[in-house]
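Trainee: For the record, the sequence lines run as chains A and B.
Numbered per this note's numbering, the first sequence spans residues 1 to 110.
Numbered per this note's numbering, the second sequence spans residues 111 to 373.
Everything labelled a hint here was simulated from the structure, so no lab data went into it.
Do not rely on the hints blindly, as some may be mistaken.
[Unchecked claim] Simulated pairs of lysine to any residue, SDA-like, Cα-Cα distance not exceeding 20 Å:
no.	chain 1	residue 1	chain 2	residue 2
1	B	K301	A	D86
2	B	K301	A	R92
3	A	K85	B	K298
4	A	K70	A	N40
5	A	K30	B	E224
Here's the letter readout for the chains.
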Amino acid sequence: MELEVIKKEKFSILKLSGDVDLYSSPQVRKKILSLITKSNKNLLVDLAEVTYMDSSGVATLVEALQLTNKNSGTLRLYSLRDAIKDVFELSRLDKVFNIYENEEQAFEGM
Amino acid sequence: MTEHKSIIEIENLETYYGSRKVLDGINLSIKPGETMTILGRSGCGKSTLLRHIIGLSKPSSGTIKIKSRNITDLSEDEMLPIRRKVGMLFQGAALFNSMTVGDNVALPLREHTELEDSTIKIMTRMKLDQVGLSGFEDFFPAQLSGGMKKRAALARAIAMDPDILFCDEPSAGLDPIVAVGIDHLILKLKKAFNMTIVIVTHELESVNMIADRVALLDSGKIIALGTVDELMASDTPKVKQFFNRIPDPEKIDKESYLKSLIG
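Starting from the given sequences, assemble the full structure and let the hints guide the process.
Mentor: Next comes the structure, spelled out in structure tokens:
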């Protein structure tokens, strides 16, 4: 798993790639916690290159959502592959997250 | 791994308890995403076979490959990465009574991962939701019904997102309505997570509902292998006897019976 951060004026973008699983999720969590702050409370997560995500990856993003909500910020996920979409749907979390088809849609109104 | 390749491959498996051969030349291939039911009468060797597949017992001879790795010659340490991706639902649920349901489900995650407790708590709630036990995380096993205990045990078995789920008599000791509920749940999880499932049972109703294929075991040998329909159409006497639920003919040795009565 690899991660890349792009900082914009009003939000950060976290680009994840590879497998987000039991072993890599702690690294993702650590990065997310460092990115969501009171001064930079909006996070966009690009999942286009994520090939596999297990429950720990989803739970980590739930924590990210919890944190952005607490800071009155926004969390948006975008460019999910079908297999990753399924993981969210099976956990019924597709209704909880703001999920966008692509970067353009995710950036709208930010 | 390609889709058509076996996820579990058993070849010429033999094992003895003392001088008694309990598994006698077992050959079985299980495909990824398949639900394989190991069916047979009490004492036919099906639970022994399951113990061997999950590496709790070592065979006298033969090989068991899980994801192409022969587990029969692996040490306990070498087995760990394989066990982490395997879930096990034990016959008696095997929950720890001194722990809450939530802690029981969280146990494998706390034991085998570096995840933070906040992440584990969310995962535990997700798993309990998947088995229909949302809101029960603070209950103790003694406060649950038999069916709920099985559901909690299933939540623990899938805590690590296993590729393979083993179930030993999942509906044993449950009333028929609760038992069919567990079968439905196993089916739902299989569809949702595309897990390979191996179920040991002697319940024909369960087999009809959940099995893709059935291996019928008798005296340590697989005497029939195929879909439920194929086995039901079989002309083999022992297969017919099992599927038609025909009891063994009564055998009485007059002399020994009389002797047992009069001493």
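Trainee: Now tell me if each hint is right for this structure.
Mentor: Comparing the hints with the structure gives:
1. B/K301 - A/D86: holds, 11 Å
2. B/K301 - A/R92: Distance ~15 Å between B/K301 and A/R92 Cα, so the pair holds.
3. A/K85 - B/K298: Given that 20 Å is the threshold and the Cα spacing comes to 18 Å, the pair holds.
4. A/K70 - A/N40: holds, 13 Å
5. A/K30 - B/E224: It holds: about 12 Å lies between the C-alpha atoms, which stays within 20 Å.
In terms of the numbered hints stated before, the structure departs from none.
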